[in-house]
Amino acid sequence: MSLIKELFGKSPFGPLVEHTKKVHECVKLVRPLMEALAREDREEIHRLQDEVSKLEYEADRIKHEIREQLPRRYFLPVDREELEDFLHCQDQIADSAEDFAVILIIRETKIHPLLKEDFFGFVDQVVHVSNMLAEAAVELQNLAETAFGGAEAKSVLERIGGLGEEEWKADRMQRRLCQKIYHLEDELDPTTILFYDKMIEALSQIANAAENTGDLLRSMILKG
Amino acid sequence: MEPVTIIVALTGLLGLYMAWNIGANDVANSMGCAVGSRSISIKWAVIAAGICEFAGAVLVGAHVTDTVRKGIVDPQAVAALPGLPEGGAAALFLLGMAAALLAAAVWLNLATWMGMPVSTTHSIVGAVAGFGVVAAGWSAVHWGKMGQIVASWFLSPIAGGILGFVIFRIISRLILGREKPVRAAIRVTPYIVFSMTVVVTLAIVYKGLRHLIAERAEWLTGNHAFLLAGAVGLLAGLVSRILIRRALRHKSGLPLGEQLDVVERVFAPLVVVGSCTVAFSHGANDVANAIGPLAAILDICSTCSIKMQVYVPPWVLALGGCGIVVGLATYGYRVMDTVGQKITQITPSRGVAACIAATTTVLVCTRMKLPVSTTHTLVGAILGIGLARGLAAVNRRVTRNIFGSWLITVPAAGVLAVVFFLVGKIFLFDIVREAIS
Numbered sequence: 016m017s018l019i020k021e022l023f024g025k026s027p028f029g030p031l032v033e034h035t036k037k038v039h040e041c042v043k044l045v046r047p048l049m050e051a052l053a054r055e056d057r058e059e060i061h062r063l064q065d066e067v068s069k070l071e072y073e074a075d076r077i078k079h080e081i082r083e084q085l086p087r088r089y090f091l092p093v094d095r096e097e098l099e100d101f102l103h104c105q106d107q108i109a110d111s112a113e114d115f116a117v118i119l120i121i122r123e124t125k126i127h128p129l130l131k132e133d134f135f136g137f138v139d140q141v142v143h144v145s146n147m148l149a150e151a152a153v154e155l156q157n158l159a160e161t162a163f164g165g166a167e168a169k170s171v172l173e174r175i176g177g178l179g180e181e182e183w184k185a186d187r188m189q190r191r192l193c194q195k196i197y198h199l200e201d202e203l204d205p206t207t208i209l210f211y212d213k214m215i216e217a218l219s220q221i222a223n224a225a226e227n228t229g230d231l232l233r234s235m236i237l238k239g
Numbered sequence: 075m076e077p078v079t080i081i082v083a084l085t086g087l088l089g090l091y092m093a094w095n096i097g098a099n100d101v102a103n104s105m106g107c108a109v110g111s112r113s114i115s116i117k118w119a120v121i122a123a124g125i126c127e128f129a130g131a132v133l134v135g136a137h138v139t140d141t142v143r144k145g146i147v148d149p150q151a152v153a154a155l156p157g158l159p160e161g162g163a164a165a166l167f168l169l170g171m172a173a174a175l176l177a178a179a180v181w182l183n184l185a186t187w188m189g190m191p192v193s194t195t196h197s198i199v200g201a202v203a204g205f206g207v208v209a210a211g212w213s214a215v216h217w218g219k220m221g222q223i224v225a226s227w228f229l230s231p232i233a234g235g236i237l238g239f240v241i242f243r244i245i246s247r248l249i250l251g252r253e254k255p256v257r258a259a260i261r262v263t264p265y266i267v268f269s270m271t272v273v274v275t276l277a278i279v280y281k282g283l284r285h286l287i288a289e290r291a292e293w294l295t296g297n298h299a300f301l302l303a304g305a306v307g308l309l310a311g312l313v314s315r316i317l318i319r320r321a322l323r324h325k326s327g328l329p330l331g332e333q334l335d336v337v338e339r340v341f342a343p344l345v346v347v348g349s350c351t352v353a354f355s356h357g358a359n360d361v362a363n364a365i366g367p368l369a370a371i372l373d374i375c376s377t378c379s380i381k382m383q384v385y386v387p388p389w390v391l392a393l394g395g396c397g398i399v400v401g402l403a404t405y406g407y408r409v410m411d412t413v414g415q416k417i418t419q420i421t422p423s424r425g426v427a428a429c430i431a432a433t434t435t436v437l438v439c440t441r442m443k444l445p446v447s448t449t450h451t452l453v454g455a456i457l458g459i460g461l462a463r464g465l466a467a468v469n470r471r472v473t474r475n476i477f478g479s480w481l482i483t484v485p486a487a488g489v490l491a492v493v494f495f496l497v498g499k500i501f502l503f504d505i506v507r508e509a510i511s
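Protein chains in written order, with the working numbering: chain A, 16 to 239; chain B, 75 to 511.
Source of the hints: derived by calculation from the structure; they are not laboratory data. Be a bit skeptical, because a hint or two may be false.
Restricting the straight-line Cα-Cα distance to at most 30 angstroms, the calculated cross-link-like pairs of lysine-lysine (DSSO-like) are [unchecked claim]:
{"id": "1", "chain 1": "A", "residue 1": "K184", "chain 2": "A", "residue 2": "K125"}
{"id": "2", "chain 1": "A", "residue 1": "K238", "chain 2": "B", "residue 2": "K254"}
{"id": "3", "chain 1": "A", "residue 1": "K36", "chain 2": "B", "residue 2": "K325"}
{"id": "4", "chain 1": "A", "residue 1": "K20", "chain 2": "B", "residue 2": "K117"}
{"id": "5", "chain 1": "B", "residue 1": "K219", "chain 2": "A", "residue 2": "K25"}
{"id": "6", "chain 1": "A", "residue 1": "K238", "chain 2": "B", "residue 2": "K416"}
{"id": "7", "chain 1": "B", "residue 1": "K281", "chain 2": "A", "residue 2": "K20"}
{"id": "8", "chain 1": "A", "residue 1": "K195", "chain 2": "A", "residue 2": "K131"}
{"id": "9", "chain 1": "B", "residue 1": "K117", "chain 2": "B", "residue 2": "K219"}
{"id": "10", "chain 1": "B", "residue 1": "K219", "chain 2": "A", "residue 2": "K169"}
{"id": "11", "chain 1": "A", "residue 1": "K43", "chain 2": "A", "residue 2": "K125"}
{"id": "12", "chain 1": "A", "residue 1": "K20", "chain 2": "B", "residue 2": "K416"}
{"id": "13", "chain 1": "A", "residue 1": "K43", "chain 2": "A", "residue 2": "K213"}
Facing chain A, a subset of chain B residues (Cβ under 7 angstroms, in silico) [said to hold, decoys possible]:
{"id": "14", "residue": "L84"}
{"id": "15", "residue": "L88"}
{"id": "16", "residue": "Q150"}
{"id": "17", "residue": "P191"}
{"id": "18", "residue": "R252"}
{"id": "19", "residue": "G460"}
{"id": "20", "residue": "G464"}
{"id": "21", "residue": "T473"}
Reference listing, derived: stretches of chain B covered by chain A, where coverage requires no fewer than 3 residues with Cβ under 8 angstroms from a Cβ of chain A [to be verified]:
{"id": "22", "segment": "409-416"}
{"id": "23", "segment": "465-472"}
All of these numbers come straight from a predicted model, not from anything done at the bench. C-beta atoms are modelled at their ideal positions from N, C-alpha and C, and glycine is treated no differently.
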């Protein structure tokens, strides 16, 4: 009787945790990139950009594998659309981290000394937002084990709950940083300002994507 | 050699062949939860399944066997046929039962060869009903009983699903979902053990052991049976509490993920016991598919009539049990290996819920004398757990198979039985009649 054999499909939650970890590794390289930029260490920037791109590619591969292994005929404990949106959104975190790295290598941009502190503060906050999300998302397998309920779900939801506020703080830092840049606009050439803008945009996308991913994670837990 | 002996030997072999098939194909599903969750090796799964299937067949197998041998086709309707010579009714019934057995066996092979999943229960019920209609007309079949049986084929997976949903919800709410699952496991698991034990014990003793210990079972009336089951359950619960406490000592300080792992490991022996109860209930319900017609034939041969007042003799059940065990040992272990590799998504906690749900449903149906498919019930239970968000990916299409598979098997086996019966009636009627008188 082959009925029981056909009954089960592969769990996507293990690979989802893998994806989260890969994306997290990408984001871990953002601060080293900033530090290398501040030191004007071009070699290190290139090396780090290589690594980020490789990790982003591996995250993409995991994403495709997960998609392939979820045909329509399988019934999941979470909403399928939300799972796919979550995956897409989390992938964007890695994409934005890679964008940041690429921006750093296409032009030798120097950080104005008066802006260094604010830039590092912004980077740290953005990475903090992404870490918060990662710490919640790696719990997906435990969540599956506890059927998305009980103490585990409550604790994960609490962790995601703080994401909104932290992302808002990142937004505020971004605004202050931009204000400072324009205060110094006479000391900076327009192309440099353009690149600062690109860098800030990529960084803020990391935090945005992390917050959106957190929202989708909450939906997956609560509905399903 | 006397003709009667030949008849008995031939039909006995057929019955054994059916039993072998049941052991080879079906038993793998019974132990699926334990093997899939890696709680037991294949070797020990085969041994445990063998013991439990045999025990189920002998201790509780008489009820459904009774249905197959005289609950579907009314022997009196055959006896009341006009124009039959001396012993003719008995001969007809015998031929019909033999034809049904042969038809079920042939259909089993045919369907397997065509790659279709097939239920031995559906086959034998369809075959017996088929010969009944042709032998003595439409009214020879207890259509009320048939209706109950077909209804149970729908209701058993649904009941399994509801029970699986509820039991898993209890496990996930009361144990897995707690802040300290280890502590919750120590508190709650003994109750689970208690319930499992009560269900199985009650299924055995509630007005049930008469065929084994007829006279001495007088004290085993309704209330005493409940008390006995309760006592055995209490004992099992207390023992499990001691063992679980010892296993989980000092573990409630671990981080949540590790606590969940530890709790799953404690559930591993539980799912093994649970799978054993599924195997037990499977033996109790399915041995009838092999032995039911044989029991009728033996009764006819020994009494030359079709009254069938006596209980099904235990040695017939034991014979069926042996056939199942042999089938399991010679071929079933391979199927078990294949099945086990494909259902690794079942963790012990899910397995326990599925096993309790399936066992309870099948044993209740068995005591109600209804032949059901253990596999379908188990699938229903697993689907119920999936609905409770307990499983990562469950194939929806399987539901179609559960509810539609009997639509093909019942008519197919019925038609085959009709053909074999008519052939037998033409060529063998007088031979059989002389042999049994």
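When the nearest CB of chain A is found for P191 of chain B, is that gap smaller than 7 angstroms? Result: holds, 5 angstroms to nearest chain A Cβ.
Taken at face value, is the distance from the CA of K131 of chain A to the CA of K195 of chain A at most 30 angstroms? holds, 11 angstroms
Tell me if the straight-line CA distance from K117 of chain B to K219 of chain B falls inside 30 angstroms. violated, 40 angstroms
Check whether three or more residues of the segment 465-472 of chain B sit with their beta carbon closer than 8 angstroms to a beta carbon of chain A. holds (count 8)
Check the hint pairing K184 of chain A with K125 of chain A against an upper bound of 30 angstroms on the C-alpha distance. holds, 26 angstroms
Coverage of the segment 409-416 of chain B by chain A (three or more Cβ within 8 angstroms): It holds, with 3 qualifying residues against the three required.
K219 of chain B and K25 of chain A: Cα distance at most 30 angstroms? Cα-Cα ~42 angstroms, so violated.
Going straight from one Cα to the other, do K20 of chain A and K117 of chain B come out at no more than 30 angstroms? holds, 20 angstroms
Hey, K281 of chain B versus K20 of chain A, does the alpha-carbon distance stay inside 30 angstroms? violated, 37 angstroms
30 angstroms limit on alpha-carbon distance, applied to hinted pair K238 of chain A and K254 of chain B: The given pair, whose Cα atoms are some 24 angstroms apart, holds under the 30 angstroms limit.
Hey, K20 of chain A versus K416 of chain B, does the alpha-carbon distance stay inside 30 angstroms? holds, 6 angstroms
Compare the distance between the alpha carbons of K219 of chain B and K169 of chain A with 30 angstroms, and conclude whether the hinted pair is satisfied. violated, 51 angstroms
When each numbered hint is compared with the structure, violations occur for hints 5, 7, 9, 10, 14, 15, 16 and 21.
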